[in-house]
Amino acid sequence: MRVYIIKDDLMIPSVLPTYNRAPLTFVKGEGTWLTEADGRRFLDLGAGIAVNALGHAHPSLVAALTDQAQNLWHVSNLYQIPQQQALADRLVAATFADTVFFTNSGTEACELAVKMARKYWYDKGQPDRTDIITFDGSFHGRSSAGIAAAGSEKMTAGFGPLLPGFVHLPWNDHDATVAAITDTTAAILIEPIQGEGGIRVLPDQCLKGLRDLCDQHGILLILDEVQCGMGRTGKLFAHEWAGIEPDIMMVAKGIGGGFPLGAVLATEDAASGMTAGTHGSTYGGNPLGCAVGCAVMDHISEPTFLAGVNRKAGLLGQKLEGLIAADPDVFTTVQGAGLMLGLKCVPTNIDVVNAGYDNQIITVPAADNVIRLLPPLTISDAEIDEALTRLDQTARQIQSR
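The C-terminal residue of the sequence shown carries number 416 in the working numbering, and the numbering is unbroken.
Because the hints were derived from the structure by calculation, they are not lab data. A virtual CB, placed ideally from N, CA and C, is assigned to each residue, including glycine. A portion of the hints provided could be inaccurate.
Unchecked claim - Per label pair, the in silico range of CB-to-CB distance:
(1) Thr404 to Thr114: 36 to 42 Å
(2) Thr197 to Ala78: 51 to 57 Å
(3) Gly337 to Gln95: 51 to 57 Å
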């Protein structure tokens with residue numbers, strides 16, 4: 016029998032306390048539902064923060080993971096990986112991209128996107144072109160490059176010196192962006208919809224304007240679709256609504272359906288500096304992750320599936336407007352696109368999230384006093400009705416205090 020020695024004199028827990036965790040322990044998931052250790056069932060409108068795109072324990076993903084696990088878990092990127100090749104081929108066929116690098120997370124995707132943009136200009140004989148324009152309210156992960164790109168004090172305080180080369184601008188200010196472009200600008204990096212920033216949607220004309228600016232000045236457009244991609248808005252990727260294409264795109268979360276998987280997609284030109292030895296990953300693109308990723312693509316890339324997301328998004332949005340009308344002292348506006356929606360709150364959003372736990376519904380807080388609604392894309396009409404019932408119960412509970 017293994018014996019664990021508890022060090023009673025320590026003040027720090029064995030799990031590093033970097034999260035303010037809710038007093039909930041989920042032991043099972045099925046579709047849009049989570050089961051707590053005490054047996055209570057929670058309606059999950061968070062989906063692991065837009066990760067469980069096909070819900071919990073989707074049969075196709077379970078089968079893909081199980082089949083692959085019985086054959087080969089991991090080798091190394093020193094060798095050919097058929098599952099990786101298959102997923103890359105599918106992503107290239109379905110998007111603007113000519114090539115794909117697989118990572119374990121969106122944070123790692125950010126690191127490569129930054130490296131790729133700077134190496135692009137280095138190889139073109141312009142090594143001073145290192146500045147990347149980013150925007151207030153953004154979130155690009157918690158690595159050194161990610162926090163430097165976001166630039167907010169909340170993300171960066173205590174972690175200096177910060178990686179240089181990021182120019183921070185007001186969100187959705189075209190004139191400021193035009194003025195900021197110089198001979199040292201390498202790229203513009205932006206989320207088509209800010210997730211952590213409060214479900215703020217960049218209007219299509221603004222995204223088109225950024226693409227035009229990049230074309231005019233010959234710089235790269237990097238899109239962060241870690242949260243808003245993989246069918247979340249009713250198209251495979253959110254930028255498709257604007258009819259534009261990036262040069263580099265960061266993807267993660269939904270692409271693995273709950274298995275740790277991310278990717279950087281790029282055009283041949285943008286990726287031209289990334290040759291053998293310039294980047295690597297131990298686990299990125301391993302057989303397990305890519306087998307699951309292929310199964311995710313089987314569903315999410317289908318036009319009928321995306322049409323279903325759009326229909327359900329319309330239904331949910333309409334019902335949320337009714338919720339706002341019924342509970343104006345708790346909710347004021349709904350914003351977002353597809354099944355990536357935010358409810359602006361009157362009380363603190365944390366109070367609303369916590370009251371939701373009492374009514375066995377999961378939502379996710381964001382900036383600007385917003386709660387995020389990021390349900391599995393497989394949520395049913397009946398579950399949408401149930402979600403509205405529980406959100407209304409939550410609002411009434413808050414008002415009765």
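Verification of the hints:
1. Thr404 to Thr114: 36 to 42 Å: Violated - the Cβ-Cβ distance for Thr404 and Thr114, about 47 Å, lies outside 36 to 42 Å.
2. Thr197 to Ala78: 51 to 57 Å: Given a distance of about 52 Å, which is inside 51 to 57 Å, the answer is holds.
3. Gly337 to Gln95: 51 to 57 Å: The hint (51 to 57 Å, Cβ to Cβ) holds, given that Gly337 and Gln95 are roughly 54 Å apart.
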